[in-house]
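Chains as they are written, first to last, in the numbering used here: chain A, -1 to 309; chain B, 648 to 894.
Warning: the hint list may mix true and false statements.
[Claimed, not checked] Under the rule of at most 25 Å between Cα atoms (straight-line distance), these lysine to any residue pairs were calculated in the SDA-like manner: (1) Lys98/A - Val51/A; (2) Lys283/A - Gln831/B; (3) Lys781/B - Gly306/A; (4) Lys283/A - Ser782/B; (5) Lys59/A - Glu128/A; (6) Lys284/A - Gly812/B; (7) Lys283/A - Met752/B; (8) Lys761/B - Ser784/B; (9) Lys781/B - Ile251/A; (10) Lys761/B - Gly780/B; (11) Lys309/A - Arg777/B.
It should be emphasised that the hints constitute simulated quantities derived from the structure, not laboratory data. As the structure is a computational prediction, the values presented were derived from the model and not from experiment.
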Amino acid sequence: MQDYELMLDAYVKAGGLPEIFRDSNIAHLVIHENKVIGKKLVKGLILEPKETVSGVDINLKIERNIKIENAVHLCFGVLPKEGVQEINIKAKIEDGVGIKLLAHCVFPNAVKVIHRMQAEIEVGDNAYYEYNEVHFHGENGGIEVIPKARIKLGRNSHLVTNFSLLKGRVGVFDLDYDTEVLDNSSLDMTAKIYGYADDKIKIREAGKLIGRASRGLIKSRIAVKDNAISEIINELTASAPEARGHVDCVEIIQGNAQAKAIPIVNATHEFAKVTHEAAIGRVDKKQVETLMSRGLEEEEAINIVISGVLK
Amino acid sequence: MEILRIDKISLNLGGRQILKDLSLCVKEGTIHSILGSNAAGKSSLAYVIMGCCDYLPQEGRIYFRGEDITSFPLSKRAKMGLTLAWQEPARFEGLTVRDYIEVGMKKKDDALIKQALHEVLLEPKDYLDREVGKSLSGGERKRIELAAVFAMKPKLAILDEPDSGIDILALDNIIKMIKALKKQGTTVLLITHREEVSEIADITSLMCSGTIVNEGKSREVGKYFKEKCIPCPTKVFPSQKDIRIKE
């Protein structure tokens, strides 16, 4: 099989829909290691990938006031057991733009693979930018995923990010997102990860609510079992009048796993407010017993509770 | 024919006697009420019958349809046809009302799920896809709990204070729903502290200080409860007096 077909195969296993690559109304970009192996554009979307020694630099631009009707599909991956992939994204989302990106990152055979992503994203005024990233890793655990993003959000805009890594071993994961939010804009960041064996999960998601009436929600849903470790740092700073933020972290542990949550909420203006909630521990006994009283075995009940939290 | 028999069970939790030498017999096809004031041990009795963790009695036996289930785990008892509608139902992030009701059903049956929601006055189209989480009020969550028990079609349903947190207008429907459970073949063990609710039962057992102290026709036991137990004359838990009045 050619790389493209193998990538599609892994993409489907990650939950992707193969038909989108045949649809002329849906833009896509497929990158294997440092090679661009598939690309389709739609009107108003500028997507310029440039191959480098260890990955691909991507320049993403959307013309002013353009709404991209269908989600733009990205597929990044490394199929061999070993390799490095460095993706650098520069995105300029002009005023009035609406775009949704859906990235599938597939590393089904990784034994010694590093995937780094560095993103600089600038979102204009009155814009909507949504970035969803779904990972599919193999069972070897030999993968390091290091996504970093610096995002600036203009006025009256909305930013949504969803990260999920629920299939296969996490390996080593170190996410670091920083966002600045201007007047009347909102950010909504969610990360959902299931770690096991000796997986290591580290997440830092930070939002600076510097604009008047800006809004921020940072949500983490993590489950770890065996000897997996997670550390979640959710940081929200509100420094403008009427800025409001909330941090919401749930971590479920089983076996010898360890979980740490560090919510940092900081208000530096008398009319700003930031709140947080965090819950760490084993699966709630009452939830499990409730499901068992309907006839489920304990393990089935625990799986349903965890699946719900990570849904 | 008896569906549940409890022989002299005692339960101690944290050095405190919660249930003392309690015996009870529930006949198949009936609504049997356990009436008692707060802290009489009613919910503990429900957890003991259901087999909840930490509620293993130190003494006594529990028989369900003639089989000794005292040492059976919770899920095994549920598979035998025993279930519990919890007084304060748990909330589940990411689980829809449809998913939740379906958990206890032997096979998928959308019509039955909708019927169960109608029975508790909830419009299926407004609830089926909602999360059994924070967005539901306590009253809505209670009704969904009852709907889940109805759809499960158990042989014996323990309803722990199904009327608490339910507004007065909906109470009639909850009572109708309990009768519907009986009609579909489910025996109901109805736990309540309100004598007007226990009146729908075929038989009522009065519970006080961790044991059954009286049993008889619901109206008579309810009348006794209203006259003699409100306010509680002993105000002691566990009772220091011999309050056993059961014949």
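Each hint, compared with the structure:
1. As the CA atoms of Lys98/A and Val51/A are separated by approximately 29 Å, the hinted pair breaks the 25 Å bound.
2. About 31 Å separates the Cα atoms of Lys283/A and Gln831/B, which puts this hinted pair outside 25 Å; it is violated.
3. Only pairs whose Cα atoms come within 25 Å are accepted, and Lys781/B paired with Gly306/A is accepted, the gap being roughly 13 Å.
4. As the CA atoms of Lys283/A and Ser782/B are separated by approximately 21 Å, the hinted pair is consistent with the 25 Å bound.
5. Between the alpha carbons of Lys59/A and Glu128/A the distance comes to roughly 14 Å, so the proposed pair stays at or under 25 Å and holds.
6. Annotation: proposed proximity of Lys284/A to Gly812/B holds, straight-line Cα distance about 19 Å (limit 25 Å).
7. As the CA atoms of Lys283/A and Met752/B are separated by approximately 22 Å, the hinted pair is consistent with the 25 Å bound.
8. This hinted pair checks out: Lys761/B and Ser784/B have alpha carbons roughly 20 Å apart, not beyond 25 Å.
9. For the given pair, Lys781/B sits about 22 Å from Ile251/A by alpha-carbon distance, which is consistent with the 25 Å threshold.
10. Taking the CA atoms of Lys761/B and Gly780/B, the gap is near 19 Å; set against the 25 Å cutoff, the hint holds.
11. Pair hint Lys309/A plus Arg777/B holds up; C-alpha atoms about 14 Å apart against a cutoff of 25 Å.
Hint violations for this structure: numbers 1 and 2, all remaining hints satisfied.
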